[in-house]
Amino acid sequence: MTKNRSVLSVFALLLTIAVGQSVTAQKNGNSSAVKIPFEAYKLPNGLNVILSVDKTTPTVAVDVWYHVGSKNEMPGRTGFAHLFEHMMFTGSGHVPYGLHDKLTEGVGGNNNGSTTNDRTNYYENIPSNYLESTLWIEADRLGFLLDTLDIAKLNAQRDVVKNERRQSYDNQPYGRVGEIFYAAMYPKGHPYSWPVIGSMTDLSAASEEDVKAFFRQYYTPNNAYLAIVGDFDPAQAKAWITKYFGDLPAGKPVERPNIALAKLDASKRLVYEDRVQVPRLYIQWPSVGTKNADDVPLSVMSSILSGSRTARLTKALVYDSQMASNIFAFQNSNEDVGQFQLVVIPRPDHTLTEIEDAVDQVIKKFISEGPTDDELQRAKAGLELGFLRGLESNLGKANQLLDGAVFHADPGHFSIDYQKTLSVTAADVKRVAAQYLGGNRIVLSVVPKGKRDQASKSSESEAVSLLRTEAAGGGK
Amino acid sequence: MKRHNQVPALFVTVVILLASVASLAQQTLDRTKVPPPGPSPALRVPDWTKTQLSNGATLIVSERHNLPLISFTITFVGGSNQFESESKHGVAAMTSSMLTEGTATKTGDQLSDALQLLGTNVSAGVGTEEGSIGFVSTSKNFEPTLALLGDMMLNSTFPADALERLRGRTLVNLTQAKDQPNVIGAQVFARVLYGAAHPYGQRPTEASIKAITRDDVVAFSKAYFQPGRAIITVVGDTTTARAKSSIEKGLAGWSKAGDKPSFNYPKVPELQPAKIYLVDKPGSAQSVVTIGLPGPPRNTPDYFALQVLNTILGGQFQSRLNANIREQKGYSYGVNSVFSFGKGPGPFRAGGAIFSAKTDAALIEFMKELKGIEGDRPITDEELKTAKDNLIQGLPARFASVSAVSSSITTLAVQGLPDDYYQNYAKNVSAITKDDLLRVAKQYIDLAHLAIVIVGDRSAIEAALKATNIAPITILDIEGNPVAAGGTGATNR
Chain G
1 MTKNRSVLSV FALLLTIAVG QSVTAQKNGN SSAVKIPFEA YKLPNGLNVI LSVDKTTPTV
61 AVDVWYHVGS KNEMPGRTGF AHLFEHMMFT GSGHVPYGLH DKLTEGVGGN NNGSTTNDRT
121 NYYENIPSNY LESTLWIEAD RLGFLLDTLD IAKLNAQRDV VKNERRQSYD NQPYGRVGEI
181 FYAAMYPKGH PYSWPVIGSM TDLSAASEED VKAFFRQYYT PNNAYLAIVG DFDPAQAKAW
241 ITKYFGDLPA GKPVERPNIA LAKLDASKRL VYEDRVQVPR LYIQWPSVGT KNADDVPLSV
301 MSSILSGSRT ARLTKALVYD SQMASNIFAF QNSNEDVGQF QLVVIPRPDH TLTEIEDAVD
361 QVIKKFISEG PTDDELQRAK AGLELGFLRG LESNLGKANQ LLDGAVFHAD PGHFSIDYQK
421 TLSVTAADVK RVAAQYLGGN RIVLSVVPKG KRDQASKSSE SEAVSLLRTE AAGGGK
Chain W
1001 MKRHNQVPAL FVTVVILLAS VASLAQQTLD RTKVPPPGPS PALRVPDWTK TQLSNGATLI
1061 VSERHNLPLI SFTITFVGGS NQFESESKHG VAAMTSSMLT EGTATKTGDQ LSDALQLLGT
1121 NVSAGVGTEE GSIGFVSTSK NFEPTLALLG DMMLNSTFPA DALERLRGRT LVNLTQAKDQ
1181 PNVIGAQVFA RVLYGAAHPY GQRPTEASIK AITRDDVVAF SKAYFQPGRA IITVVGDTTT
1241 ARAKSSIEKG LAGWSKAGDK PSFNYPKVPE LQPAKIYLVD KPGSAQSVVT IGLPGPPRNT
1301 PDYFALQVLN TILGGQFQSR LNANIREQKG YSYGVNSVFS FGKGPGPFRA GGAIFSAKTD
1361 AALIEFMKEL KGIEGDRPIT DEELKTAKDN LIQGLPARFA SVSAVSSSIT TLAVQGLPDD
1421 YYQNYAKNVS AITKDDLLRV AKQYIDLAHL AIVIVGDRSA IEAALKATNI APITILDIEG
1481 NPVAAGGTGA TNR
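Chains as they are written, first to last, in this note's numbering: chain G, 1 to 476; chain W, 1001 to 1493.
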């Protein structure tokens, strides 16, 4: 690896010098009020760069997205993309452990990372005079992570991640619902059939060699997207980017196989006993991912069904019949797949069966009549404010640009999305309501231990038994 | 990505021709050298105007024109601790929820639809020592949103059936909270530190929620939302003149009444010798650990020293606590510490969620770090510098959005801090010495009188906790009441 890098880096550096000024910069051509001025270009090694200047506050956000997430994991190594994310904070070839924090939080900034099914990101918010050292750090962990990797570091972060799982999922009431749905919605082995956090068994199994292989496959400049947003000088930033990233070798192109949408041949009805006192009803329908045109009308539909007081489901269940204490509907879209999700928290004296029937009545009516013009107008009215508020944060802006770049090959995709949302019609919403909510679905009742009879239509429901997560790992 | 397919062929040629040039260029980059920071950017504290309205409210306006946004907030000094009676805890929160339920001229549905069409939402809430009602809107929708806020605050009708609906929801929330180990930990910790007679030890209960009547809500609303204790903060794409005239119109009829309450809290109960209070939650994967004791109020002269101290101890990722218990030992996903400054003796607390099997080991490390910060492991120059830089250079982030600016300015008025607080912040933090830190650590983190609250699986952790000999163990139920000897303390699961 070391040899390989030095050889390839010669080439990359030369190419950088050769094409230095000729990299193509594209300007955001959107003419509406919804604007993020930005400039995007690619280094010869494939690194995607997005720059957006905003001098409101003397701070800068540096945000790097890698186009890899839990869906790229192999069965038997679930949770690995996220465990790897933790490894990226343990120091690299020229940056000893701890210095990263010192040069971010130690100077009034902060840093963090996150992993989804589809991508992993790393960011720093820093005073603007610390931009160069931040780029140096990001380049170093992209180029030289493995130089200082060892099993002790891996074991330490493995323990931390297991505790993250315990804290955020195992020890949370209703915390395992996501995992149940992933497994029920997608066939075994499907890239979206396991949760991002992974299983304890698989976390225990991850080896040093796994970390190395994953790094070589996915942590390459050509699979990375770097955004800098805030108070900085773009010419200076470009020079630093070339200096620190320019000679990192390109990697092999990442293969992106077609991933099939979920398809339920029949509806499923599940019940899970949890350490809770209040039961909950969850319903999910397979829908579509963020690249599919139906994602936008499905999102609009979610805010017609719940969220405001007069939204269909909220009004019927929380205000009129008062069967429910609360209800949430939302379109959850990943890069390739999506689910339309519903959660209902019942009031005492109302069974989940009653609630499911009431939900079905509302949905049936909605499918047959579609939204009114007023409903549609209200659902869109908050869009502008939400967008403007997103512009207030350097990091929010960076994430917006990067989401477009990674998933739509266009950092300016937010404006397309915005226009698409504004142009959604009542007929669009009616169509997606029928198409998705009219199809097969999974109904999950979460009930108190020993109270399986509290499930919606309990006699038809199949019990979910999850392994105790500590069965294979996490011991002393 | 297609371009990379051509790499090998091109590569050979280029390397042969230019290898020497490249290696020269290569040498110029020494990656071991940490790039030094540029010159520090000047601190830009926003300007604001502060005036008194004829009804007694304070108006603060800060202009910010980078985006067409306006943040509007009315903050009321004093909260449930000052305005609720013990038997009616929850009436403050209930009243603020009911502001959305309808006014003399609009039903709750009409209010909701009108706000949704303006693309915004008026949110109201009353906390323990202050309350607020406000919104962020686009500048073009500012006046109509303000008119709706005024209608909600001044003309709400508080329908009886809405009270029953909200009461039902609140009771469901209270039941759900009993399953949340973090919530149980926080509630039991407060009860242990302050007892049932101090407002800091009290909270809404099923009984107090059931006791609230519509008359209570109406009375609370009348007594609480008064201009004499209000600070109106407007930040964003407006001017003082426009804000003032909009407020005169939108809040017409809000006439002079009320004043700021006093914050005379009863004495906290006498400190008890250090003790472990164990709350049994069978089957827990983790133990929620909370360690601490009552602390000083926000107006303590030791405020800056305590902030620097806490930054080193548990206020950042590389704090002593997190570096040790998460990063080195791997016992937790994260631990921290905080001084919860308020008008009264808010607590100091350190803690986090710990892997059950490591509860004892983690507690030993917590105690070691607390002893360490009191002199066993002296604070280094580097720790001191990093903590100060963290605080001082973190200031710009407090002014990064209209709502951030609003709360940063408002807090000065609420806490009675000087207008030049942020200008002098760096000076005040810089003045802190290692001697100051040692003194405040010893003074405010009294190791002999710490309360250690642990919510976890008793059967898995009790024996090991006992063996640490850190403190005797008392078993409490999830309400914080002692469980009779031999009892399980189990929460019925």
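Treat the hints as calculated values from the structure; they're not laboratory data.
This one's a predicted model, so the numbers in the text were calculated from it and none came from an experiment.
From the three backbone atoms N, C-alpha and C, an ideal C-beta is built for every residue, glycine too.
There may be inaccurate statements among the hints.
[Said to hold, decoys possible] With a cut-off of at most 27 Å between alpha-carbon atoms, the simulated DSSO-like pairs for lysine-lysine come out as follows: (1) G:LYS55 to G:LYS42; (2) G:LYS212 to W:LYS1178; (3) W:LYS1178 to G:LYS449.
[Stated by the list, open to error] Covered stretches of chain G (in silico footprint by chain W; criterion: 3 or more residues with CB under 8 Å from a CB of chain W, positions within the stretch not fixed): (4) 57-67; (5) 178-184.
Q) Broken hints, numbered, in rising order? A) Structure breaks hints 2 and 5.
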